[in-house]
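**Q** Chains as they are written, first to last, in our numbering: chain A, -8 to 293; chain B, 3 to 296.
It is worth saying that the hints were derived from the structure and are not from the lab.
Nothing here was measured: the structure is a model prediction, and the numbers come from that model.
Among these hints, one or two may not hold up.
[To be verified] Below, computed lysine-lysine pairings styled on DSSO-like, alpha-carbon distance capped at 30 Å:
no.: 1; chain 1: A; residue 1: K290; chain 2: B; residue 2: K109
no.: 2; chain 1: B; residue 1: K49; chain 2: A; residue 2: K164
no.: 3; chain 1: A; residue 1: K50; chain 2: B; residue 2: K283
no.: 4; chain 1: B; residue 1: K133; chain 2: A; residue 2: K151
no.: 5; chain 1: B; residue 1: K283; chain 2: A; residue 2: K(-1)
no.: 6; chain 1: B; residue 1: K109; chain 2: A; residue 2: K(-1)
no.: 7; chain 1: B; residue 1: K109; chain 2: B; residue 2: K167
no.: 8; chain 1: A; residue 1: K251; chain 2: B; residue 2: K186
no.: 9; chain 1: A; residue 1: K290; chain 2: B; residue 2: K113
no.: 10; chain 1: A; residue 1: K94; chain 2: B; residue 2: K283
no.: 11; chain 1: A; residue 1: K(-4); chain 2: B; residue 2: K283
no.: 12; chain 1: B; residue 1: K113; chain 2: A; residue 2: K(-1)
no.: 13; chain 1: B; residue 1: K109; chain 2: A; residue 2: K(-4)
no.: 14; chain 1: B; residue 1: K186; chain 2: A; residue 2: K285
no.: 15; chain 1: B; residue 1: K167; chain 2: B; residue 2: K49
no.: 16; chain 1: A; residue 1: K(-4); chain 2: B; residue 2: K186
no.: 17; chain 1: A; residue 1: K164; chain 2: B; residue 2: K283
no.: 18; chain 1: A; residue 1: K(-1); chain 2: B; residue 2: K167
no.: 19; chain 1: B; residue 1: K109; chain 2: B; residue 2: K186
no.: 20; chain 1: B; residue 1: K109; chain 2: A; residue 2: K98
no.: 21; chain 1: A; residue 1: K164; chain 2: A; residue 2: K151
[Stated by the list, open to error] Label pairs and their calculated CB-CB ranges:
no.: 22; chain 1: A; residue 1: Q256; chain 2: B; residue 2: F141; range: 23 to 29 Å
no.: 23; chain 1: A; residue 1: M208; chain 2: B; residue 2: G139; range: 37 to 43 Å
no.: 24; chain 1: B; residue 1: F280; chain 2: A; residue 2: L217; range: 26 to 32 Å
Cβ atoms here follow ideal geometry from the backbone N, Cα and C, with glycine treated the same way.
Spelled out from the first residue to the last, the chains are:
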Amino acid sequence: MLRMKLYKQRYLFLMLAPAFLLVLLFQYVPLVGWLLAFQRYQVGLGFWASEWVGFEQFKRFFLQSNDYVYLLRNTLSINVMMIVTNLSLGLIFAILLNEIRHKFFVKVIQTVSFFPFFISWVIIYSIANTFLSSSSGLLNELLMRWGIISDGLNILGENKYAWLLVVMLEAWKSVGYISIIFIAAISAIPTDQYEAADIDGATRFQKLKFITIPNLMPTFIVILILNSGWILNSNFELFFMFTNPTNWEKMEVLDMYIYKFGLQQLNYSYAAAVGIVKTIVSIVILLSVNAFSKKTTGKAIF
Amino acid sequence: MYRSSPADRMFDLVNYAIMVFAFVVMVFPFLHLFNYSLSNPSFVSGKFLFYPRQFTLDSYKAIFENPDVLNGIYISTARTLIGTLFMAIVTSMAAYVITRDDLTGIKFFRKYFVFTMYFSGGIIPMYILIKSLGMVGSFWVYVIPSAVSVFNMILIKTYIEGIPKELEESALIDGANDAYLFMKIIVPICIPVMAAVSLFAGIGQWNSFIDTQFYNAMNPELFPLQYVLYNSFQSITSVEQFTASVGDPEKYRMLTPQSLKIAMTVITVLPIMIVYPFLQKYFIKGLLLGSVKG
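Can you make the complete structure from the sequences, with help from the hints?
**A** In structure tokens:
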């Protein structure tokens, strides 16, 4: 019977096979690679013959070096600032845009603000370089011409600007995208709530405060939690472009450190161990944001 | 009607001002770069460029004579077309199959795909795998690992589940096999969602450069345009070096490394800018579908 059924479904299995095999190869096999972290992997020996060393790589990261201090500080601070900035600006932007009656104007603003979401970090680097570079950036040329400063501000290369720079660039790229989700949520609010408020003589600000914002909270929480789960994994290219030898103390995050030790210095096992640390950090962030939101708003995903 | 109180009018005024500011912040950077690329670089220092100064196409002439840029355009186009096609075929077939509740082991297959959205091996294990597959230094590394997108699969699956079941059932009763059913009935109906996910994938392919850094940094013939541009930030220090292969160094005397990089930036972003306005509605549709599914 089963054989009959399987034979009848042969086309379905054939259609599923390419995706099944590709996922097996490129998603499941690399999971085995986590075991590298418990080895002293040597390229010449390969995975099976390399020596197993238990938690040695983790000890090296946490006990023999202090790198984890600045890495966790940078990773957590930058990501938290990014989430807070993106979500609050996205929410405010969506609410303000929704208050504009001129439909064509709304459409234009939405179109231009969504666009940066589709360009690569190389392009954004080029734009940042054109405006902010210390020697030939437009900002510095203007500030120097007006006599406000005598030497160019090295915004792309100095520690003190690092966090502000990447948080702003990320906001520029993503706020339009996030606001679209909020705008969809606003349009899903039942209109009878507003009609009832109109009858009661509510002002525009009262409607915003008592109807729009409370109705957006569930969406806000969902995006907040999803973003806190994704964000450690999503911005590699940003940090790849903007981390440099003069600002790494404030800019280097776990991902870049893994890249540096793994693919540049070929210390695969150590990098894989730091990769596990990163995954644990990202799960901890996800669960704490979830718990925090459950406690404060009573809403959560898990 | 409702527009009466001074506070209201004040709010509108401030609100429009904020939106105009947002418009400028979003649009001006592109406008400035575009005008810079069409200007004589000696005349642009310290100016907001709302229009080109001393209009010239020399920056573009120089970059289109550069073999690395031309090869970059070729590689980027190839990976965008082939990569998107692979993704569309592999992912849509699987998406259809996992809508079929009657398939043996369907619950396992669904979990099998969804699980991968939550866990990944990370950079290092992936690199070792690609290397041991012999894909380092090949074009295929751009298009094969990305041929399955579980996220897109779920978008397509959701869309197919919105199609009335009777349509499929009547075809099956008429004796059509599953492959025929997929090709002749499901695919034509799925055009909108397929367009959306293909566009996402296509833009993702066009924008990729980090896989080149990981796997093909030693193979200049496989550099996509984005990577050629990235490289130029590190390596172009003089115009002569960039135009060396062309011969006549006097021809581009007035250009600067900066003007070359900016012209390259413009040609790298232009294809996206051209398709974007037409396809924005698909993006929004796909995005909302995705965020609803979470």
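**Q** Hint by hint, work out which the structure violates, then give me just those numbers in ascending order.
**A** Checked against the structure, the hints that fail are numbers 3, 4, 5, 8, 11, 14, 15, 20 and 23, while the rest are satisfied.
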